[in-house]
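Taken in order, these protein sequences are the chains called A and B. Using numbering that gives the first Met the number 0, the first residue of the first sequence is number 0, and each one after it goes up by one. Using numbering that gives the first Met the number 0, the first residue of the second sequence is number 0, and each one after it goes up by one.
No lab work stands behind these hints, which were simulated from the structure alone. Each hint can be trusted.
Sample of chain B residues with no beta-carbon within 10 Å of chain A, all distances over it, derived:
1) Ser75
2) Lys80
3) Val108
4) Asp157
5) Pro168
6) Phe222
7) Gly318
Listed below are the simulated DMTMM-like cross-link pairs for lysine to aspartate or glutamate, each with C-alpha atoms no more than 25 Å apart in a straight line:
8) A:Lys181 / B:Glu399
9) A:Lys218 / B:Asp341
10) A:Lys207 / B:Glu48
11) A:Lys215 / B:Asp98
Just so you know, even glycine gets a beta-carbon here, dropped at the ideal spot from N, CA and C.
Read off the chains here:
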Amino acid sequence: MSSTVLLTIAMLSVLGLLAAVILYFVAQKFKVVEDPRIDLVNEALPGANCGGCGYAGCRAFAEALVKSTSFEGLNCPVGGADTMGKVALILDRQPVAVEPEVAVVRCNGTPDNAARTSYYDGAMSCRIAHSLYGGTTGCHYGCLGCGDCVSACKFDAMYMNPVTELPVILDDQCVACGACVKACPRSIIELRKRNKKDRKIYVSCVNKDKGGPARKACKVACIGCGKCVKVCPYDAITMENNLAFIDSYKCKLCRKCVPECPTLAILEIGFPVKEQKPAEAAEATTD
Amino acid sequence: MFKTFPKGGIHPPENKLTADKPIVILPVPPQVTVPVSQHIGAPATPVVEKGAAVLAGQVIAEAKGFVSTNIHSPVSGKVSKIDTVVDTTGYKQTAVIIDVEGDEWVTTVDRSTALEKEITLTREEIIERCRQCGLVGMGGATFPTHIKLTVPAGKSCDMVIINGAECEPYLTSDHRLMLEKGAEVLTGATIIMKALGVERAVVGIEANKPDAISHLTELAREFRGITVQPLKVKYPQGGEKQLIKACTGREVPSGGLPIDVGVVVQNVGTAFAVYEAVQKNKPLVERVVTVTGKSVANPGNFLVRIGTPVTALIEAAGGMPDDTGKVVNGGPMMGKALAITDVPVTKGTSGILLFPAAASRRAEVLPCIRCGKCSSACAMGLEPWLISVLSEKGMWEKAEKEKITDCMECGACAYTCPAKRPLLDYIRLGKSTVIRLARERVTK
Chain A
0 MSSTVLLTIA
10 MLSVLGLLAA
20 VILYFVAQKF
30 KVVEDPRIDL
40 VNEALPGANC
50 GGCGYAGCRA
60 FAEALVKSTS
70 FEGLNCPVGG
80 ADTMGKVALI
90 LDRQPVAVEP
100 EVAVVRCNGT
110 PDNAARTSYY
120 DGAMSCRIAH
130 SLYGGTTGCH
140 YGCLGCGDCV
150 SACKFDAMYM
160 NPVTELPVIL
170 DDQCVACGAC
180 VKACPRSIIE
190 LRKRNKKDRK
200 IYVSCVNKDK
210 GGPARKACKV
220 ACIGCGKCVK
230 VCPYDAITME
240 NNLAFIDSYK
250 CKLCRKCVPE
260 CPTLAILEIG
270 FPVKEQKPAE
280 AAEATTD
Chain B
0 MFKTFPKGGI
10 HPPENKLTAD
20 KPIVILPVPP
30 QVTVPVSQHI
40 GAPATPVVEK
50 GAAVLAGQVI
60 AEAKGFVSTN
70 IHSPVSGKVS
80 KIDTVVDTTG
90 YKQTAVIIDV
100 EGDEWVTTVD
110 RSTALEKEIT
120 LTREEIIERC
130 RQCGLVGMGG
140 ATFPTHIKLT
150 VPAGKSCDMV
160 IINGAECEPY
170 LTSDHRLMLE
180 KGAEVLTGAT
190 IIMKALGVER
200 AVVGIEANKP
210 DAISHLTELA
220 REFRGITVQP
230 LKVKYPQGGE
240 KQLIKACTGR
250 EVPSGGLPID
260 VGVVVQNVGT
270 AFAVYEAVQK
280 NKPLVERVVT
290 VTGKSVANPG
300 NFLVRIGTPV
310 TALIEAAGGM
320 PDDTGKVVNG
330 GPMMGKALAI
340 TDVPVTKGTS
350 GILLFPAAAS
360 RRAEVLPCIR
370 CGKCSSACAM
380 GLEPWLISVL
390 SEKGMWEKAE
400 KEKITDCMEC
410 GACAYTCPAK
420 RPLLDYIRLG
430 KSTVIRLARE
440 RVTK
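So here's chain A without its partners, still in its complex pose (with noise of 0.2 Å):
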């Protein structure tokens, strides 16, 4: 009986060293170098995985800034300066300062705005809405209001409003990831500088089409007037395809651009009541 035991045991035993050998030899044979940074730097990423830096998850991203010499064109957008800082600590090179953007979209095609001319049934999905014709309204460059851009953002940082039938984005939870932005199949939505205390100004319209078609599909459409190209005096704005475009990053939010559009398609967002005018004022906070 205890012959039997010791003989399991023993038998087990040598077993178990002859496996350990064995696999002790394979490991060397086929053992994967890999940069112990890359661990280290995964771990500092946010671990989203939203796909916001342009690579498959926070691991490829970690493999590609280990790989890099520099930080050129490489940026974690929701981690921002403190989880780049973080890496460039790991990986003992200098942090290179990224501004911090925001997603902003750029219709406002509400129902009182933009009248409905057809009612969409199908699936819903912006994607299929937009391969099948123009839309529920006479522009064929704004929202389809589907919510594609909402199911596509990680963060929670979007919802539907049901009143105005547009994609709206919360800024603080939004961290420029630019998972709606590609999304959207009417490239609305804008990665867009983040002003402090997320102030904004911007043409809310996309609609391409000359000025009379434009606002008669939608009231607050950019009619290509040009008034707020020759005003500005920071150069900011473009105009191209009768669509007036304001570069975030040329702006310096003097705010000279907003009066002067006939359609109120620039919207200021974020900025004290003015005294003086009211009824704007007005337009600006309920927006």
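Given chain A, put chain B in place with the hints provided.
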């Protein structure tokens, strides 16, 4: 005796309300809007300027590139403007807008209705004439006809199939054309046979058009090589691949074209247009459109000029019923709802359907219960429930492996789905994405 394709298919209610309504010639409207892209391929380039006087049949936009066709003025008058308008596809595109003055035609066009059976043109001349006259497939796909008539190098063609299946419910434009212009259609078929250098043509007609079958069978005795093949009623029999399988038993390989099995399929309407172009030198400037719906006062088949507003057609059919909830361009299965009715009739407009609001809303979408009805309805042997979900989740590679690109978007799957899932919506999205990705792979 009645043949059909073996795989899948459905039997939607036929509702051919206008089958006994003769084709009515609609008066020329006061203004026409002629889009420059009425075909698959590159849009044509306008060659007239604002204020220019044009004659009916005159080229107003020239083909740009190989896969493209000319656009002709359907009326005589003055070019009012060249502008962007919304067309039947729901997108904006360039169009020539003409104010009608009289009805003067280009002198080279023979407008007599006498039947011209003698074919004097050579093969090359026929193809060139089809190109010049802006012919496209009239079944709805609007693929330029001259390309279809040019057999690619290395391929051979031994028969022509004339598509008279008209499997879409409601539509009767092809049916009426076969009854009223049967001899012209068969002459057109003979011209197509000559252009392709083949000796055989089969006209496939579904059994729900017995008058057309007997009429064309009678007429076909006088045409060498043309036979009429009656087909069982089943949707989507009018699909090229299904029609070929039904008429000849040949199966077009996955990703292939009918020419791979030696067949060219042309619609009845196209055959008639070929006849008019080759024998009468008349460009494609008018077509038969069925305007119908259960509550439409005066549904009918109308011969209209291209560019006529759809609103004028609806007026001709007795106005838009009050309960209308959806206006569809094309058949009820594959047609597309119009976002606005102020759009022009184009070369591919086979029907205008007016559905009551109660019938036009989609039902609530429920989860898939894996009943497999869509799989048994699919005439291409696909698994719609699977490819639609793959496409919904963005799994493009898997969707490609499941042959999503073989889908012809007939909508039989969505029709049979008891959970009312928008199967086709997602399959279309997946199909276009997979094709785009495949193209990017090639260019890389």
